[in-house]
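Using the sequences and the hints, build the whole thing.
Count along the sequence shown from 1, add 15, and you get the number used in our numbering.
If you're looking for bench data, these hints aren't it; they were derived computationally from the structure. Hints are not guaranteed to be accurate.
Said to hold, decoys possible - Computed list of lysine-lysine pairs in DSS-like fashion (alpha-carbon distance at most 30 Å, straight line):
1. Lys369 to Lys153
2. Lys45 to Lys369
3. Lys102 to Lys141
4. Lys286 to Lys250
5. Lys61 to Lys94
6. Lys401 to Lys372
7. Lys149 to Lys102
8. Lys401 to Lys415
9. Lys334 to Lys250
10. Lys102 to Lys351
11. Lys369 to Lys90
12. Lys247 to Lys286
13. Lys34 to Lys372
14. Lys286 to Lys330
15. Lys102 to Lys27
16. Lys141 to Lys153
17. Lys195 to Lys286
18. Lys99 to Lys372
19. Lys97 to Lys271
20. Lys402 to Lys45
21. Lys102 to Lys75
22. Lys141 to Lys54
23. Lys27 to Lys149
24. Lys247 to Lys372
25. Lys149 to Lys97
26. Lys406 to Lys102
27. Lys252 to Lys286
28. Lys45 to Lys99
29. Lys351 to Lys286
30. Lys415 to Lys252
31. Lys27 to Lys195
32. Lys149 to Lys195
33. Lys252 to Lys195
34. Lys406 to Lys330
35. Lys102 to Lys153
36. Lys252 to Lys401
37. Lys89 to Lys45
38. Lys406 to Lys99
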Amino acid sequence: MTIHNKHEIIGKALNILSKNLYPYIEDVIKEFHQDNWLKVVQETLKDEIRQVKKKKSIEKALIEDVSLQLKLIKKQWDKVFKIKLDKAFFLIVEELIEVRNDWAHGSQFSVDDTYRYLDNITRILKIINAEEVKEVEKEKQEVLRLLSQQQFRGETPHSYSVSEEEERQIREQLNELLEKISFQDASLLQLALIHRTYLYENPTEVSEDNNRLEFLGDALLNFLSGEYLYRKYPKMKEGDMTQKRSSLVDNQQLAKFAIDLNLGQFILLSKGEELQGGRENYSLLSDTFEAVIGAYYIDSGIEAVRNFIEPIFAKALEKSVDLEPENESLNIENPKGLFQEFILKNGTDVPRYKTEKCGGSDHEPSFISRVFVANRLYGEGQGGSKKEAEKRAAENALSKLRQRRLI
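Printed below as a string of structure tokens:
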């Protein structure tokens with residue numbers, strides 16, 4: 016596979032999605048409409064079906080065409096699928112309808128778009144417990160690996176270019192930060208510091224914000240943290256590595272990395288965001304750190320990013336190890352109960368667990384669970400059963416609270 020056949024990669028992923036999504040759709044529609052399900056499909060997709068060859072049955076057309084499958088979910092969302100799936104699923108479906116149309120018309124895809132579309136397809140496959148999710152996940156990681164090799168600088172130019180004098184001024188302004196993370200092109204670093212509110216308030220001063228860099232940085236941090244843990248812990252189980260990776264790249268931890276770099280001092284914010292304490296906002300700091308990592312990758316390549324981030328990961332892991340005896344002293348026999356007790360004591364919503372199959376076989380399945388409170392992710396864990404995965408998610412949530420000295 017080469018970096019240039021992104022169209023082929025997306026096509027393959029859409030085929031896998033089609034193959035696995037149809038049985039799920041059929042089960043859900045049948046459950047709701049029973050024996051009338053095909054009539055419901057025909058009525059729902061009557062405009063689309065007119066374009067299908069007459070000799071092809073409705074069922075065969077639906078089996079073969081992922082576009083029809085996605086449109087059926089969208090059109091039957093309020094009546095059927097909304098009961099079983101969340102809003103994020105609906106938004107992914109909407110985007111993938113457009114992706115499939117672009118693919119069918121031979122459109123070219125950028126590398127970061129390819130990665131995002133593959134990521135969205137894997138999300139759907141995981142939710143419907145499709146075993147072939149690993150194939151798309153493998154393609155997704157391959158795209159990122161090839162990005163690392165070729166440094167795709169020429170493929171994703173940024174429009175925020177400056178003159179030599181402006182570059183000199185930027186270096187003076189960001190001198191303290193540039194001493195910690197050395198950029199060849201300082202304007203890329205400045206772009207990573209432009210929050211969307213600043214662009215909105217100053218549209219004539221800047222033409223771009225850091226959202227795209229944030230997206231790239233998020234992908235890189237997930238990849239590099241996984242790679243680092245794989246090398247550092249050769250005998251560690253997949254579930255334990257997943258938990259450790261989560262602790263390295265969650266919002267709280269990335270915000271701490273940003274604080275260590277003093278990023279808050281340099282972020283370009285709107286006046287309103289500044290007054291609301293944006294420079295100390297953990298979510299904003301986390302997003303900015305991701306953007307800086309994305310910018311550094313474009314500027315200097317994967318090895319520079321790896322050399323910069325791995326010592327930071329190592330330091331974070333050392334701190335978590337230092338805290339482990341304290342966590343063990345809690346002697347947690349019922350982590351779900353203890354976590355719920357803490358949450359209710361602080362007067363918030365009851366913890367809600369989202370658990371789904373993420374791999375393994377029928378005899379030895381693997382599940383991943385995420386625990387949310389008021390739609391905020393507190394922890395995640397993986398195990399051989401739903402019960403074990405939820406227990407680990409609660410343990411992960413308690414560990415994070417312990418590290419923040421909240422318990």
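Against the structure, the hints come out as follows:
Pair hint Lys369 plus Lys153 holds up; C-alpha atoms about 24 Å apart against a cutoff of 30 Å. Our distance criterion of 30 Å between C-alpha atoms is met by Lys45 and Lys369, whose separation comes to about 24 Å. A hinted pair counts as satisfied when its Cα atoms are at most 30 Å apart, and Lys102 with Lys141 qualifies at roughly 16 Å. Note on Lys286 and Lys250: the hinted pairing is violated, with a Cα-Cα distance of about 50 Å set against a maximum of 30 Å.
Between the alpha carbons of Lys61 and Lys94 the distance comes to roughly 17 Å, so the proposed pair stays at or under 30 Å and holds. Proposed proximity of Lys401 and Lys372 is supported: the alpha carbons are some 8 Å apart, at most 30 Å. Distance check on the hinted pair: Lys149 and Lys102 sit about 24 Å apart at the alpha-carbon level, within 30 Å; holds. A distance of roughly 21 Å separates the Cα atoms of Lys401 and Lys415; the hinted pair therefore holds under the 30 Å criterion.
Restraint check for Lys334 and Lys250: the C-alpha separation of about 21 Å stays at or below 30 Å, so the hint holds. At roughly 26 Å between alpha-carbon atoms, Lys102 and Lys351 fall within 30 Å of each other, so this suggested pair holds. At most 30 Å may separate the alpha-carbon atoms for a hinted pair to count; Lys369 and Lys90 meet this at roughly 25 Å. Restraint check for Lys247 and Lys286: the C-alpha separation of about 44 Å exceeds 30 Å, so the hint is violated.
Proximity of Lys34 to Lys372 is assessed by CA-CA distance (about 18 Å); at most 30 Å being required, the pair is judged to hold. A C-alpha spacing of about 35 Å is found between Lys286 and Lys330, which places the hinted pair above 30 Å, so the restraint is violated. Between the alpha carbons of Lys102 and Lys27 the distance comes to roughly 26 Å, so the proposed pair stays at or under 30 Å and holds. The straight-line distance between the Cα atoms of Lys141 and Lys153 is roughly 14 Å, inside the 30 Å bound, and the hint therefore holds.
A threshold of 30 Å between alpha carbons decides the hint, and for Lys195 with Lys286 the separation of about 27 Å falls inside it, so the pair holds. Under the criterion of a C-alpha separation no larger than 30 Å, the hint pairing Lys99 with Lys372 is consistent with the structure, at around 16 Å. As the CA atoms of Lys97 and Lys271 are separated by approximately 37 Å, the hinted pair breaks the 30 Å bound. Taking the CA atoms of Lys402 and Lys45, the gap is about 29 Å. The hint holds against a cut of 30 Å.
Distance hint between Lys102 and Lys75 is fulfilled; the C-alpha atoms sit about 28 Å from each other, no more than 30 Å. Between Lys141 and Lys54, the direct Cα distance comes to roughly 29 Å. Compliance with the 30 Å bound is thereby established for this hinted pair. Under the criterion of a C-alpha separation no larger than 30 Å, the hint pairing Lys27 with Lys149 is consistent with the structure, at around 13 Å. Distance check on the hinted pair: Lys247 and Lys372 sit about 27 Å apart at the alpha-carbon level, within 30 Å; holds.
At most 30 Å may separate the alpha-carbon atoms for a hinted pair to count; Lys149 and Lys97 meet this at roughly 26 Å. Proposed proximity of Lys406 and Lys102 is supported: the alpha carbons are some 26 Å apart, at most 30 Å. About 47 Å separates the Cα atoms of Lys252 and Lys286, which puts this hinted pair outside 30 Å; it is violated. The straight-line distance between the Cα atoms of Lys45 and Lys99 is roughly 14 Å, inside the 30 Å bound, and the hint therefore holds.
This hinted pair does not check out: Lys351 and Lys286 have alpha carbons roughly 42 Å apart, beyond 30 Å. Only pairs whose Cα atoms come within 30 Å are accepted, and Lys415 paired with Lys252 is accepted, the gap being roughly 20 Å. Taking the CA atoms of Lys27 and Lys195, the gap is about 42 Å. The hint is violated against a cut of 30 Å. For the suggested pair Lys149 and Lys195, the alpha carbons sit about 38 Å apart, so the restraint of at most 30 Å is broken.
Of the supplied pair hints, the one linking Lys252 and Lys195 is violated, its CA atoms being roughly 34 Å apart against a limit of 30 Å. Annotation: proposed proximity of Lys406 to Lys330 holds, straight-line Cα distance about 27 Å (limit 30 Å). Distance restraint check for Lys102 and Lys153: the Cα-Cα separation of roughly 26 Å lies within the 30 Å cut-off, and the hinted pair is therefore satisfied. Between Lys252 and Lys401, the direct Cα distance comes to roughly 17 Å. Compliance with the 30 Å bound is thereby established for this hinted pair.
Between the alpha carbons of Lys89 and Lys45 the distance comes to roughly 17 Å, so the proposed pair stays at or under 30 Å and holds. Taking the CA atoms of Lys406 and Lys99, the gap is about 23 Å. The hint holds against a cut of 30 Å.
Checked against the numbered hints given earlier, the structure breaks hints 4, 12, 14, 19, 27, 29, 31, 32, 33 and satisfies all the rest.
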